[in-house]
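Peer 1: Each chain is listed here by its residues.
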Amino acid sequence: MKANPGGQIDLREVVGRDEVIEQIWDTIAQQSIRMNAERRIGKTTIIKKLCAEPRSGWVPIFQDLEQYHTALEFAEAVYGEVDRFLSKWKRTAHRTKKFLESIGGTEIGGKLKLPKFDRNAPWKEILTKSIEDLVEERDKHDERPLFLWDEVPYMLASISTRDGERVAMEVLDTLRALRQDQGDKGLRMILTGSIGIHHVIHSLKRQNYANSPLNDTFPLEILPLAQAHARELAAKLVAGENIPTGTPDELADSIAHIADGFPFYIHHIVKAIKLSGRVASPELVEEIVSGQLLDANDPWELNHYRERIPVYYGKEDEAAVLGILDGVAVRDAPVSISDLLTELKNMGLLSDREHLITLLRLVEQDHYLSRDTQGHYQFRFALLKRWWILSRGL
Amino acid sequence: MNDRNFLSVFTPSRTPPEDLEAIFVQRQLMLADAVERVRESVTTGNKHHLLFVGPRGTGKTHLVTLLVHRLSLDMDIQDRLAIAWLNEDETSTTLLEFLRRIYLALNKRYPDSYSLVALEPIYDLDSDTAERRLGNLLLEHLQDRTLLVVVENLDALFEGLGEPGQQRLRAFIQENPVLCIVATAQRLVDDISKRKSVFFGFFQTESLVTLSVDEAAEMLGKIAILRKQADAAAFLSTPTGRSRIQALHHLSGGNHRIYIVLSQFITRDSIDALVGPFAKMIDEMTPYYQERIRWLPAQQRKIVEYLCTCERPVPVKDLARRLFATPQTISSQLKDLREKGYVLSAQRGRESLYEMAEPLMRLCVEVKENQTREPMRLLVDFLRVWYDDSGLFARLQKSEKGSLDHAYLQAAMDKNAKFGNLRKQLLVDGFRAELREEQHKQWMPLIESAVEDSEELAYAIGENAKGHIEEAIAAYSAVIQMPDAPVNVVARAFLNRGVAYGQQGDSEKEIADYTAVIKLPNVTVELIAKALINRGITYGELGDYENEIADYTAVINLPNAPVGQIVDAFFYRGFSYGQMGDSEKQIADYTAVINLPNVPVEEIARALNNRGITYGQLGDSEKEIADYTAVIDLPNASNEQIAKALNNQGTTYGQLGDYEHAIADYTAVIDLPNVPVEQIIDAFYNRGFSYGQLGDHEKAVTDYTAIINFPDAPAEQIANALNGRSWVYSEISELEKAIADYTSFIELPNMPMEKIILAHYSRGVELLNHGEIDKSIEDFNTVINSPNTPAEYLARTLSFRGSAYLRLNQLNNSEQDFEATLRLVADIPIEFRVAFHVGAHIALAEIRIATGLWDYALSTLAEGLKQGTTYDPPYFGDSTDILKAFFDSGLAPAIRRERARQLAQIYQDYNAVPHLGEALTRHVGSLYRNLENLPASDNLEQWACAWEEAGKDMPAFRLPLRIFRTGIDFLKTGGKDRGVLLDLKQEERRILQQALGLDAADSS
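If you read the sequences in order, they're chains A and B.
Just so you know, we're using the numbering used here here: the first sequence kicks off at 10 and counts up by one.
Just so you know, we're using the numbering used here here: the second sequence kicks off at 1270 and counts up by one.
Misleading hints may appear alongside valid ones.
What the hints assert, rightly or not - As a list, the in silico DSSO-like pairs of lysine-lysine whose alpha-carbon atoms are at most 27 Å apart:
1. B:Lys-1465 / A:Lys-58
2. A:Lys-107 / A:Lys-194
3. B:Lys-1788 / B:Lys-1778
4. B:Lys-1465 / A:Lys-324
5. B:Lys-1670 / B:Lys-1710
6. B:Lys-1497 / B:Lys-1465
FYI, nobody ran anything at the bench for these hints, they're computed from the structure.
All chains should be built: construct the whole structure from the sequences, respecting the hints.
Peer 2: Here it is as structure tokens:
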């Protein structure tokens, strides 16, 4: 297997995700899941593996929602997918079809051609009825439908822009209602996104949206690979690329360690080693990573972690968040909330303990920081910490 | 034109792929890697997406053409692969259009499988349905095949698709993992590179860099071979050919396409063959570049247009002046332009110079602006580089007036007359750009002086500077063999080749080359002197001092040799005499320099410093100091030499024990302006050491700390300072700080292993003294297990680890370590050995008493005391712990008496009874310090009686026993009644008080 940073991975060769997939199947038996992970951590690969190798009794449907910009597009896409799906078993989405016919849809050659809609399109009905049709049909076969929806926050953001925040809120509420009404008949959803769904909801809440549309779902975070798996992946790629090395174990170890278990960076490092044409060693790995972190072009786009701060936390909290992250970055050991507060006070950045705790929770959700057993904060990823120190000149 | 020789300048895909393979350079590894990745995409579920980024003319299409060619030849994958190579001139604004382009490309390549008829019904559908239907059509036709989509100008495609189109495309790829995309782009646009972009991280991106000089030469050579023009290929590999390609590099900017055009001229020596294709290339590219310039904001456009008219890189202030703007405004615009890839910057000292990144852009602007249809500047410059004046003139004579040839040749000659030899300028500029800033001082003067006499020599020196030794040697050899080369050029080539052979370690050839210079007729005296000095140095390196000195002497005696070289020869010869131990002649040579007329003051100072050091080595401190003083008083001597003299003089004063004068000298160095950092740090270190010797620990610490905090201090000097400071901390019992310093030392980067080992040793000792026994053992283990530990330190460390184990009561481990110490003790230098030698015996005796091996313990102790007597003065170590082990063994009174007698006898045998007495007193002190566990009175009384009985016939034991008895009586009062101490005389009482740790005042 060759290094393939960013490309699509052969599902038979996915490394180190069996445990989380088992956990997902166990969880999904009880409730739907919202999955949160940094971009390029491999969540799409996990979803595709769920889709390709379902547990018995499940019928997964995968859709990349990034391409839909309005609630209607979304609803139509779900209808299209349900219809395509049912037609495999020579079934149709009865309710939806009936509904669409009632509002002017016409059937051409077995396919229903949807009518043209204006701004008041009945997307909610199409969405609800399509899913109800699917659930009902599958229930007859004792099968449970599972929607695997990738990049949900992107779609919500687009809907917010095109249809307005109100419609975005309604989409979330409709999905929640469907989970509640159809959940006992087996319907489940897995919603994923690389920007935290909490940010989308947070911004909707600024528009007086009071619901908690996802609190019925299980929050699942996809973590980087465990060290042993990261090592396994690195070793596989090194072997797949025929990279010469006198110390294969140490090499795999060092790649896994330095990449913090991020498959994307592991693939990148191995490819860079390959293209260097040199005999690989831990020293070369270190050299390559240093080069990447110091490269003014920022090939791993780590500057994104800096640039998104005003977007995520607002201009008003930018300085405080930077102060928090700087304060944690310069310390070798995890830091307590009190110590951070003292430091931020001295710097005139923040003096309210509660506000600090709120910000810490948010940066934790966004994968900057994590807490140890004593509740002290540290950088979640050593690689990010290293870059942060370098880029901030700390 | 022969078909096989047709290299399409604009459309490499029209060139036969075999020819493209034949002229392919620079990217073999990248191409092979890309082929492997596509192959894996075809044969497994992994789908790779590759993107190659580079400006126009950098060989992108060449690369993908070969990629497709190699894949097409791979029969193993043909039934699993479909290739859609999209037409690069079409655009797509929707996923539907993109899918249609893919289908049409497949139709072109596989008309039977992807018919146009199947596409027809799709045109009748609305766009959403059509997109879905076409997607399905493609997937159905592909079956199990992987679809390789080759997209040129991905940046344009993404721009056309916009974000919604990109999102649909990405979703299509994700939902249908059958695509493998190989794309090219002229630049890395935000649509790909920004994390928030749809395709962030999706592609494996490789930047295509321009050709280096070597790669350009390789490509031109390959083109010549392809065209079966062996002469041209051979010429390109000569130093003359290489020096011309080196000069051309600046004009071409390393652009593949320009080299392909130039190759037509180089391999056929025809100006027609150059101008025609060039003009066509410019016609084709001008709209593109015009467009790119039009996109720019007005201010940036003006900068670009001005830079296009400039012959050379331009400083910011010139640009600002020309464009009536402030340098700050221009700088910020240039920064933006550089990020966009329009301009390049180079540093000259503190100044930034800017020029156009793409020579073709400059050329296109020039042609557009040029209304009079004058010859194109780049081509004129190219002719100036390729031909000498004589070559230009000869061709001009043959050309027809009014012809294109004539116009270009005339323009080239006119420009040469006006601006000088462009090739020489470019050759020098090229090397200046390629060499690192710190190399300039050494190499650029050599290259600049050589280029005036011989470009080939300048080229060879430039290659040498770049570290291409083989290439440089070949180039020097070619210069040597050039039939008409001037003798001094040949001599310089010999000299430099000699140095290059020396770099390769081939001393024989090196010496032969210097000898060749010496024997050449009519060579300048400077070159002969240089060759003699170089040969002398080489002889010296080989240990042949006789020949070495003869060569230096020859320089000294050479009529009309420049004084600088004579001075060098004296210095080298003096040093060499010193190596041979002939200090007298060494001093005579330094004296000769001092007395030589017209010698620069700096050299006199150097000679005085060297002579002073030599006097010092002879032990003549007076003359030594006199020489240093002479430097310090020398008018116009540099501060560097004065600082050296002061540092040397301070050291001499220090060796004489005159630390005050030493400190004054070091302080003078520290206060002197413009002194190299190393000298100042040396002065701080030496002053810190001197303060330490005077017992002024605070100032010593301040000086060492100054070094540690010195910006840019070399690691070695920081290491020395940490070492010095930790020693002081240890002296003043600030053990934690001493330990911290050793830790900092150990963590310094790039320290030699031996030094790190010694730091572990020292830290271990301090940790042991500080009571951190486990940590001390860790350090000792590091020392003992390291293969780099010197034998002396192995023995020392085993002894310390033995002590550490003893304190942890791990008697077995301790015994093993002390026994090992005794086996290795001879490795410790005699002046330090005794403490380890006797100490190990005493420790072993203690262990054996504690483990009940009394007789064995006695013989061990006897051996230790015996060894102690062999040293001068005799040394018996500290027996307190032996007594402690004996006392703690809790024996019956009779046995205790007997053993006390035996012990006392052994000490008596080796005249060490007073020593035993001191140990008894110290033992009393240790019992007092542990009052909570004070032994019972009768036990103490028995202990005293046993010793009194043992020593009753030993006169030397009388006084110690009296003190000991008083001490025991004091302990029997529970250490409370200090009146007991008054049984002793005042001086005896003081000894006991000291052992008990009482102030004299407390008990008086």
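Peer 1: Against the earlier hints, flag every one the structure doesn't satisfy and list their numbers going up.
Peer 2: Hints 5, 6 are the ones this structure does not satisfy, whereas the remaining hints hold.
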